[in-house]
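Top to bottom, those sequences are chains A and B. As numbered in the working numbering, residues 1 to 267 make up the first sequence, in order. As numbered in the working numbering, residues 268 to 515 make up the second sequence, in order.
The calculated lysine-lysine pairs, modelled on DSS-like cross-linking and capped at a C-alpha distance of 27 Å, are:
(1) A:K77 / B:K288
(2) A:K170 / B:K284
(3) B:K334 / B:K284
(4) A:K170 / A:K213
(5) B:K369 / B:K300
(6) B:K345 / A:K147
(7) B:K345 / B:K326
(8) A:K147 / B:K408
(9) A:K77 / B:K284
(10) A:K258 / B:K384
(11) B:K407 / A:K170
(12) A:K143 / B:K369
(13) B:K326 / A:K170
(14) A:K147 / B:K334
(15) A:K258 / B:K386
(16) A:K213 / B:K369
(17) A:K147 / B:K386
(18) B:K300 / B:K277
Calculated Cβ distances over 10 Å to all of chain A for the following chain B residues:
(19) K277
(20) K284
(21) G293
(22) G301
(23) E368
(24) D372
(25) G379
(26) E431
(27) L440
(28) H449
These are computed hints drawn from the structure, not numbers from a lab. No residue lacks a Cβ here, since even glycine has one placed at the ideal position from N, Cα and C.
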Amino acid sequence: MFDDFFVRALFAGIGIAFVTGPLGCFVVWRRLSYFGDTLAHSALLGVTMAYTLDLNIAISVFLISSVIALILIQLQKKTNLPGDALLGLLAHSSLAVGLVVIGFLTFIRFDIMGLLFGDILAVTTDDLLIIWTGGALILLVLKLIWKPLFASTVNYELAEAEGLNPDRAKAIFTILMAAVIAISIKMVGLLLITGMLIIPAAMARNISDSPQKMVIFSIIGGLLSVVLGLYSSLEFNTSSGPSIIAASLVLFILSLFKIKQSIKLKN
Amino acid sequence: MSTENNILVKLHNAGFKQNNKWLVEGVSLTVEKGKIVTLIGPNGSGKSTTAKIALGIYKNIEGNVEKYTYKVGYVPQKISIDWTLPLRVCDFMLLTESISEKDIDEALSLTGVIHLKNKNLGNLSGGEFQRVLIARAISKKPELLVLDEPVQGVDYTGEIALYELIKNISDTLSCGILLISHDLHTVMTATDHVVCLNGHVCCSGSPMDVAKNNEYKALFGEKASQILTVYEHKHDHVHSEEGEIKKN
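Start from the sequences, fold in the hints, and give me the full structure.
Following this line, the structure appears as structure tokens:
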């Protein structure tokens, strides 16, 4: 069944959507979209490391993104620069360093476009294994830290006062972010991963009235985007990443009609 | 039970410094089971900071805090819920602990907001939101309740009812309460121990002791002192239903 590249891509995308749905909600709630971008940009370094040291791409990206996240936390403690400046600094410098390193690696032919925007042809059965086991692990850990993470998202001090250890939950969540980027980079591409996290969640916000509903709609939105995006990618011979993100944008626009209705009802 | 076992949280010479400025220093106080300790003081005197030290929110503190309970209910002074987070009152009630539907309903009824159970938090008024915050804190049946100006924005009659509720909770659950209040009247009605702060402890003791203290008078003015003494006088007689005044 997995012999066909399209079936592999479809299953990879479905696996990714299950994970980006709930994680994306937290990215929106905790205002982490630029943080996601930073981790994604640093993934390029991870990819180059994978090629030079002959490692698995997902594992290598996961390691580099985690390191960048740690550096960010240290920089936040040591300097007084605002958070967005630090994020920009790390995002662009790691992207630049990654591209420079690629320039040196003349012995390898890189598909830069595939790296930046995703490539459905590139998904192997090994990737599928990583996406589904990695994804299941991410969801399991997220479920375990859900209560402290969610409580501290609502109010940090409340969570801390009532003994939920929000700092630990935040640290674990940061690692989960690195992990989700690692498993979805081949499919969505490093420039568009954050879109996969944010857009379905934003769409879900427009049509939900409780956190649980928002998570479920976010997953459904992601799944629809993957299926629609991949079919159009096949049909029009476009990169898989942009096709998936464009499909999720269409869903987001449709969700705006729902929100307009509810505003009208209130008036 | 000895008094040792009744202690829920004990601050010893505690203080907190931020950006090289003391927010509060040298605070010693003890909250015991079934007792209400009230913090009073002008704006910026370190009331909320003291509460956060007691709760363990601030980590790098001077002095020490001994906390003997993990069952804590907290009503923060300020809390804002972002629009991006769709949160109903019933979701909010389950925020830090999974409590039963029955306990949720009971707590919301006690604070008079059961009809808002399925409403979105963002659509509540300030007073309604405070009532939900109090309901959430008491629904956990905590051993220690920390209330940072719990009735801000609540209408006058509601305010009295809520303070009565707080007093009741302290009696029925025998939980210790650390209360921050601006309202000197209420401070006197229910409190066992008053700590008057102004960057440090300026005086502490029973409500009457504090009222007579000169530092307290200097801080709040002679009038505030009179409020307390007037209050004390109120209770040397009771009014019968016919309107007669009976001396105690």
